[in-house]
Amino acid sequence: MGAGSKGALPPQAVSMREAMKSAAAWALVVLGLSFPIIALRTVQDFSNRIVLEPRPWLVAGLVLATFVGRLLWGLGKYPGQASALPFLRFDFSVTGGSWLPKAGLAALIFFPIVALALAGQSGAIKWIDNFGVQILIYVMLAWGLNIVVGLAGLLDLGYVAFYAVGAYTYAILATYVIPATVPVLGPWAFWICLPIAGMLAALWGIILGFPVLRLRGDYLAIVTLAFGEIIRLVLINWVALTNGNAGIQTPRITFFGLPFTTRGTETTFTDVFGLPGSPTVHRSIFLYYVILGLALLVAFVTLRMRRLPVGRAWEALREDEIACRSLGVNTVNTKLTAFAMGALFGGLAGAFFSARQGFINPRSFEFLESATILAIVVLGGMGSLVGVAIAAIAIIGGIELLRELDWLKSIFGSDFDPGQYRMLIFGLAMVLMMVWRPRGLIAARHPSIVLNEAPAISDDHVREGRG
Amino acid sequence: MEYFVQQLINGLTLGSIYGLIAIGYTMVYGIIGMVNFAHGDVFMVSAFIALIFYLLLSFVLGIGTLALALLLVLVLGMALTALWSWAIERIAYRPLAGSFRLAPLISAIGMSIFLSNFVQVVQGPRNKPVPPMLNEVITLPIGEGDVTLSMKQILIFVLTAVLLAAFWAVVQKTRLGRAQRACEQDRKMAALIGIDVNQTVSMTFVIGGALAAVAGLMFMIYYGVVSFTDGFVPGIKGFTAAVLGGIGSLPGAVLGGILIGLIETLWSAYFSIDYKDVAAFSILAITLIFMPSGILGRPDVEKV
Chain A
1 MGAGSKGALP PQAVSMREAM KSAAAWALVV LGLSFPIIAL RTVQDFSNRI VLEPRPWLVA
61 GLVLATFVGR LLWGLGKYPG QASALPFLRF DFSVTGGSWL PKAGLAALIF FPIVALALAG
121 QSGAIKWIDN FGVQILIYVM LAWGLNIVVG LAGLLDLGYV AFYAVGAYTY AILATYVIPA
181 TVPVLGPWAF WICLPIAGML AALWGIILGF PVLRLRGDYL AIVTLAFGEI IRLVLINWVA
241 LTNGNAGIQT PRITFFGLPF TTRGTETTFT DVFGLPGSPT VHRSIFLYYV ILGLALLVAF
301 VTLRMRRLPV GRAWEALRED EIACRSLGVN TVNTKLTAFA MGALFGGLAG AFFSARQGFI
361 NPRSFEFLES ATILAIVVLG GMGSLVGVAI AAIAIIGGIE LLRELDWLKS IFGSDFDPGQ
421 YRMLIFGLAM VLMMVWRPRG LIAARHPSIV LNEAPAISDD HVREGRG
Chain B
1001 MEYFVQQLIN GLTLGSIYGL IAIGYTMVYG IIGMVNFAHG DVFMVSAFIA LIFYLLLSFV
1061 LGIGTLALAL LLVLVLGMAL TALWSWAIER IAYRPLAGSF RLAPLISAIG MSIFLSNFVQ
1121 VVQGPRNKPV PPMLNEVITL PIGEGDVTLS MKQILIFVLT AVLLAAFWAV VQKTRLGRAQ
1181 RACEQDRKMA ALIGIDVNQT VSMTFVIGGA LAAVAGLMFM IYYGVVSFTD GFVPGIKGFT
1241 AAVLGGIGSL PGAVLGGILI GLIETLWSAY FSIDYKDVAA FSILAITLIF MPSGILGRPD
1301 VEKV
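Chains A and B, in that order, give the protein sequences. Here our numbering is used: the first residue of the first sequence is 1, the next is one more, and so on. Here our numbering is used: the first residue of the second sequence is 1001, the next is one more, and so on.
Treat the hints loosely; a few may be bogus.
With beta-carbon atoms standing in for the labels, derived distance ranges [claimed, not checked]:
no., chain 1, residue 1, chain 2, residue 2, range
1, B, Val1225, A, Pro179, 39 to 47 Å
2, B, Asp1196, A, Lys21, 19 to 27 Å
3, A, Leu64, B, Gly1062, 27 to 35 Å
4, B, Ser1202, A, Lys21, 16 to 24 Å
5, A, Ala240, B, Thr1139, 36 to 44 Å
Here are a few chain A residues that sit away from chain B, every Cβ distance over 12 Å (derived from the structure) [to be verified]:
no., residue
6, Ala180
7, Gly358
8, Phe359
Away from chain A, derived, C-beta distances all over 10 Å, residues of chain B [what the hints assert, rightly or not]:
no., residue
9, Leu1159
10, Ala1165
11, Arg1181
12, Gln1185
13, Ser1249
14, Ile1263
If you are wondering where the hints come from, they were derived from the structure by calculation, not from laboratory data. From a predicted model like this one, the values you see are computed outputs, not experimental measurements. Glycine residues also receive a C-beta, built at the ideal position from the N, C-alpha and C atoms.
Please work from the sequences and hints to get the whole structure.
Listed below in structure tokens is the structure:
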């Protein structure tokens, strides 16, 4: 490098050495992290003995990619300047717009019709059932958990327990109890079990919540996690009641007593209404509107509760528990109502899930479900209904879209299974999301009640002797 | 009688493993006040690292003596697991220092999900059977029957005792240990008197990871099989041990680990093996509800 060209160099050239050093350090760390666990894969051979299968090129590629990536990142950064990708600085805070909820609601209501029109009878099922219903179940669960986490500020890592209580209430009542006692009500099972499931879940919420709600934040989180796991383990091991891991085949949902079938002697939905298309499509659309109705019920109740004294107390509790207690708020009862309310909606969603799937087993109620629902609430900004709905669409829609990546097989070979990267990406996204926006996409948390006028006492008044 | 003594020995073995995991939880909680949810999965990663090194050293490189092979596995495993633990703190927790209190916990849950799925992707979803080793047993006549003590169990007891002693010396005698204890008492004040808090936190994760690696190696030897799902339940039990012993207290973590190991083994032996995890989770809930400061912990004074 000649002395003449030195002045013409852009300022980042000064940090070349630094960038090289930093990139080398990063590459070394990646080498250390990946050396045994990526470089050598343990596989069973034909005699079921375990052998090592070396994959040096994968590690070499990773290390090289880290080195180059870090070098470019370091070089693009001017000395002394904090590095930032400018496009990540985008502000998502859609706060003032009152059009967003209305537009979103309209889109949700017309979604099945649009899907039918665009994708036709057979194509629409995937969009309505896999995407629409699936996302709305999580919207409902997240809105339910939002009452507990977003409004009352209680971290619940075992929310899926109430979902499981609701699902098993429906499964056991509709499959065994109702046919054995009053078979006439069989077609109405879902509508009878729905309120029972919700109430039982709320009852469990109170039973579990009462002893633990005086614990502080992270302890409460771990205890709720323990309860979630206990309920799952009981569901697995109490075979007489739940049929264990083999699960329960549950009756499908009916249109207020009219089944969605083609065969059979009873009057079906198609017979009565004579609509075109297959019963499966009708059922999907009906399920969609049922879960939409249930989810909107949660939203409506949340909005109303926030205006009641108890809702105000939830939010006050979230902001400062000690202040609340000194103002005479009964913190245990206030927390308990939030917990029970969240559990109630979890139970309703569970009963719906059970009727939609037609089959449930304890594998649907693992800790990962609780973590997913919590991730939605946190990404949505904890407290904002619109934010939570957007986050549910992003996360669940994203997970479902990752299922559709079979075309990647044509690039990476038939051994490549994109499905197994789903949860890997999900976990990483959860970390990055926290690091990037710990307060969620819609970070603004509007208090439900504000004093519009500033108090009459200010500095000036005090100085004038009026304070 | 001999059945009971046998279960006692088995319980102590299990308890040693839980105790080593519990130290990682309790140290991190003591210093930065977060539940490092990914610690259980760091333990699982370390069990895989131990398995791979063991296979590499004894079957590929052909190191004949088991003792030498295991010693090398232990040292390499501790170093690399410590690196994992260090990297996790740098990536997932440090940027969140000073954020709202639930952010690091959620980040840790994400990290835990990432780690178990990462191992599933790179190592495959099947259980990995470990070639049997150290199966010789010593038979002790107690009561009317015999009690067996396997070489594995002796190794686990000895290794735990030696490492705990070394670790205790680090915390009590060295500069790093003093810095850790100072940060635990008051992080701001420690920073004011010139302690590098960030570095101390990093070192805490490094030590926690290294001890988890010891637990991972023992787990691999003792159970003879590792799987990518092995992080969650032992992790929760390690945390339970830390809470039971009093979170923040190092002797408490070991005591809690041994108690959890004993309770779990005796529960399985006398009641129901299907519900052994339910027992552990129930102990966690009961301890937190009735005795939130644990056996050896300091009571948490609420400042207004």
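Review point. Is it the case that phenylalanine 359/A keeps its Cβ farther than 12 Å from each residue Cβ in chain B?
Key: holds (23 Å)
Exercise for review: Could you check the hint for me, namely that valine 1225/B and proline 179/A are 39 to 47 Å apart, CB to CB?
Suggested key: About 43 Å separates the Cβ atoms of valine 1225/B and proline 179/A, which means 39 to 47 Å holds.
Practice item. Verify that the Cβ of glutamine 1185/B lies farther than 10 Å from every Cβ atom of chain A, and report whether the claim holds or is violated. Key: Glutamine 1185/B clear of chain A: closest Cβ-Cβ about 19 Å, beyond 10 Å.
Exercise for review: Taking the shortest Cβ-to-Cβ distance between alanine 180/A and chain B, state whether it exceeds 12 Å.
Suggested key: holds (28 Å)
Point to revise | 10 Å Cβ clearance of arginine 1181/B from chain A | key: The assertion about arginine 1181/B holds, with a minimum of 22 Å to chain A.
Exercise for review: With 12 Å as the threshold, tell me whether glycine 358/A passes as away from chain B on beta-carbon distances.
Suggested key: holds (27 Å)
**Study point:** Range agreement (Cβ of lysine 21/A with Cβ of aspartate 1196/B, hint 19 to 27 Å)
**Key:** Because 21 Å falls inside the window, the suggested range holds.
Check your understanding: Is it correct that the beta-carbon of serine 1249/B has no partner in chain A closer than or equal to 10 Å?
Key -> holds (16 Å)
Point to revise | Least C-beta distance between isoleucine 1263/B and chain A, which was stated to exceed 10 Å | key: holds (15 Å)
**Study point:** Outside-interface status for leucine 1159/B - nearest CB in chain A farther than 10 Å
**Key:** At roughly 20 Å from the nearest Cβ of chain A, leucine 1159/B sits farther out than 10 Å, so the non-interface label holds.
**Study point:** Verdict for leucine 64/A, glycine 1062/B (Cβ pair) under range 27 to 35 Å
**Key:** This hint holds: roughly 31 Å between Cβ atoms.
Exercise for review: Take the C-beta atom of alanine 240/A and the C-beta atom of threonine 1139/B, compute their distance, and say whether it sits inside 36 to 44 Å.
Suggested key: Because 41 Å falls inside the window, the suggested range holds.
Every hint from the earlier list agrees with this structure, and none is contradicted.
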